[in-house]
Amino acid sequence: MPGIAAVEARVHRPPAAAEDPEPYAGADSFVFVRLRLRLSDGCEGEGYTGRFLAAEVAHFLNGSVAEALVGCDPLAEPNFSSNLMRRFNPRQMTGVVVSAFSTLDIALHDLRAKSAGVSLAALLGGRRAAAPVHVTCGFPALSTEALAAACAKEIAGGAAGVKVLVAARGRSVAEDADRVRAVRAAIGDRADLIVDANCGYDLDAARNFQRRTADLGLAWFEEPVHGNNPGALAALAADRVHPIGAGQMEQSMERFRQLEVAGVSVLQPNAVFAGGIGAAITVAQKARRSGRTVSPAGGWDIVNIHWMCGAVDQGPVELHRAQNRITRLLRGGAPSLPIADGCLAPPGGMGLGLLPDEAALAACAL
Numbered sequence: 001m002p003g004i005a006a007v008e009a010r011v012h013r014p015p016a017a018a019e020d021p022e023p024y025a026g027a028d029s030f031v032f033v034r035l036r037l038r039l040s041d042g043c044e045g046e047g048y049t050g051r052f053l054a055a056e057v058a059h060f061l062n063g064s065v066a067e068a069l070v071g072c073d074p075l076a077e078p079n080f081s082s083n084l085m086r087r088f089n090p091r092q093m094t095g096v097v098v099s100a101f102s103t104l105d106i107a108l109h110d111l112r113a114k115s116a117g118v119s120l121a122a123l124l125g126g127r128r129a130a131a132p133v134h135v136t137c138g139f140p141a142l143s144t145e146a147l148a149a150a151c152a153k154e155i156a157g158g159a160a161g162v163k164v165l166v167a168a169r170g171r172s173v174a175e176d177a178d179r180v181r182a183v184r185a186a187i188g189d190r191a192d193l194i195v196d197a198n199c200g201y202d203l204d205a206a207r208n209f210q211r212r213t214a215d216l217g218l219a220w221f222e223e224p225v226h227g228n229n230p231g232a233l234a235a236l237a238a239d240r241v242h243p244i245g246a247g248q249m250e251q252s253m254e255r256f257r258q259l260e261v262a263g264v265s266v267l268q269p270n271a272v273f274a275g276g277i278g279a280a281i282t283v284a285q286k287a288r289r290s291g292r293t294v295s296p297a298g299g300w301d302i303v304n305i306h307w308m309c310g311a312v313d314q315g316p317v318e319l320h321r322a323q324n325r326i327t328r329l330l331r332g333g334a335p336s337l338p339i340a341d342g343c344l345a346p347p348g349g350m351g352l353g354l355l356p357d358e359a360a361l362a363a364c365a366l
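For the sequence shown, the residue numbers in the working numbering are 1 to 366.
If you are wondering where the hints come from, they were derived from the structure by calculation, not from laboratory data. Hints should not be assumed to be uniformly reliable.
[What the hints assert, rightly or not] Straight-line C-alpha distance at most 20 Å; calculated DMTMM-like pairs for lysine to aspartate or glutamate:
hint : residue 1 : residue 2
1    : Lys153    : Glu358
2    : Lys286    : Glu260
3    : Lys153    : Asp20
4    : Lys153    : Asp313
5    : Lys286    : Glu254
6    : Lys153    : Asp202
7    : Lys153    : Asp204
8    : Lys286    : Asp313
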């Protein structure tokens with residue numbers, strides 16, 4: 001059986017095109033780690049994680065993890081990545097180690113699907129052909145008029161819903177609420193409308209925002225309070241104004257359990273942060289048993305669409321327009337997956353179905 005012959009992790013900072021939204025969460029918003037695994041028979045798998053401590057994540061993958069991987073046959077061991085996780089993370093820490101293993105788990109899934117000659121969604125069970133899609137397009141830099149127009153354009157283009165960001169650029173709660181009200185008027189009552197505070201409000205501000213928008217029928221209010229504080233989330237959930245969503249960058253099962261106990265209605269594991277595809281599916285299965293909705297957030301639809309359609313039979317996915325600069329690199333110049341009838345489908349081809357632009361990736365490697 002073929003073993004792993006090469007391991008390479010690199011950090012990339014993709015350039016922006018003229019039409020790309022500006023970063024709203026720091027200069028490193030679009031930095032990412034790409035991991036490539038090559039078997040001795042030439043088959044390659046790749047995985048990704050996001051911006052946090054990217055250089056440190058790549059260093060860990062290229063060092064200790066690579067030493068443990070080279071020569072091994074991961075396809076012969078179904079629990080290969082979880083066994084490595086127990087070796088390197090016996091105390092269940094988060095941060096660099098979980099980000100690295102998120103990348104590794106995705107790469108191993110990609111490798112298994114390619115070796116089997118199927119898409120990753122098919123390998124995971126092929127539960128549905130497509131999932132409803134919400135487009136994150138309501139960026140803080142837009143004026144209220146431009147915000148409403150951008151959201152209306154996405155709904156007219158087939159999206160099932162849109163996501164608007166608040167708690168940014170020093171706007172007051174009243175200003176945020178007015179912007180969201182303008183979006184609701186522009187998209188109509190039938191489209192899903194999600195508001196994402198990116199953990200930007202304290203509890204009083206979040207409650208104030210809920211009061212001002214109680215009549216807008218939000219699909220959910222995403223990560224409203226600092227640090228996803230369970231006590232504050234529980235207080236908001238108990239107010240029963242809007243459903244609460246959270247979890248896009250959480251990295252432990254215990255944290256997701258705390259979110260459930262707090263009354264969060266929409267759990268949002270992202271495979272590139274949560275520990276990989278296996279971890280995201282575990283969160284989704286637990287959420288389903290407790291009657292909650294699952295909808296990954298934080299970008300990386302090109303990865304999350306596979307497990308959401310392969311292993312999960314309900315719940316929407318997020319398509320994040322700000323990540324177009326990453327998606328272009330990994331899809332051979334195509335900016336995003338196409339929307340059809342309110343849904344997003346996994347790309348064709350084997351594994352993740354990506355077509356990385358190697359020259360462009362090399363040009364933006366750090």
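So, going through the hints one by one against the coordinates:
Distance restraint check for Lys153 and Glu358: the Cα-Cα separation of roughly 32 Å exceeds the 20 Å cut-off, and the hinted pair is therefore not satisfied. A threshold of 20 Å between alpha carbons decides the hint, and for Lys286 with Glu260 the separation of about 10 Å falls inside it, so the pair holds. Restraint check: the Cα-Cα separation between Lys153 and Asp20 comes to about 16 Å, which is no more than 20 Å; the hinted pair holds. Restraint check: the Cα-Cα separation between Lys153 and Asp313 comes to about 28 Å, which exceeds 20 Å; the hinted pair is violated.
Our distance criterion of 20 Å between C-alpha atoms is met by Lys286 and Glu254, whose separation comes to about 12 Å. For the given pair, Lys153 sits about 32 Å from Asp202 by alpha-carbon distance, which is inconsistent with the 20 Å threshold. For the given pair, Lys153 sits about 33 Å from Asp204 by alpha-carbon distance, which is inconsistent with the 20 Å threshold. For a cut-off of 20 Å, the pair hint linking Lys286 to Asp313 stands: about 14 Å separates their Cα positions.
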